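Trainee: Sequence:
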Amino acid sequence: WGNAAGAAANRVALEACVEARNQGVAIEKEGKDVLTKAAASSPELKVAMETWKEIKFEFDTVDKLDVAHK
Numbered sequence: 001w002g003n004a005a006g007a008a009a010n011r012v013a014l015e016a017c018v019e020a021r022n023q024g025v026a027i028e029k030e031g032k033d034v035l036t037k038a039a040a041s042s043p044e045l046k047v048a049m050e051t052w053k054e055i056k057f058e059f060d061t062v063d064k065l066d067v068a069h070k
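Residues 1 to 70 (this note's numbering) make up the sequence shown, in order.
What the hints contain is simulated information worked out from the structure, not anything from laboratory work.
Misleading hints may appear alongside valid ones.
In the DSSO-like style, the derived pairs of lysine-lysine whose C-alpha atoms are separated by at most 27 Å in a straight line are [what the hints assert, rightly or not]:
| # | residue 1 | residue 2 |
| --- | --- | --- |
| 1 | Lys-29 | Lys-46 |
| 2 | Lys-53 | Lys-37 |
| 3 | Lys-53 | Lys-29 |
| 4 | Lys-32 | Lys-53 |
| 5 | Lys-32 | Lys-46 |
None of these values were measured; they are calculated from a predicted model.
All chains, full assembly: derive it from the sequences and hints.
Mentor: Printed below as a string of structure tokens:
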């Protein structure tokens, strides 16, 4: 069946980041805070974040069209 706790942590993290982005939050700068708040109501995400230790949002844009809008 796989790793249900990991799947739950990923789902909660994704939903929190999408919701924050839709509210205008700068995920690159405030992503760790967004995930920390989400982890308060998700024991799976809390454990995952303790395991990962450091959280950074350092990814290049996948959609190169976005670069023109920045």
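Trainee: It remains to establish, for every hint, whether it holds in the given structure.
Mentor: Cross-check of the supplied hints:
Taking the CA atoms of Lys-29 and Lys-46, the gap is about 20 Å. The hint holds against a cut of 27 Å. A threshold of 27 Å between alpha carbons decides the hint, and for Lys-53 with Lys-37 the separation of about 15 Å falls inside it, so the pair holds. At roughly 17 Å between alpha-carbon atoms, Lys-53 and Lys-29 fall within 27 Å of each other, so this suggested pair holds. Among the hinted pairs, Lys-32 with Lys-53 is consistent with the structure: their alpha-carbon atoms are about 11 Å apart, no more than 27 Å.
For the given pair, Lys-32 sits about 12 Å from Lys-46 by alpha-carbon distance, which is consistent with the 27 Å threshold.
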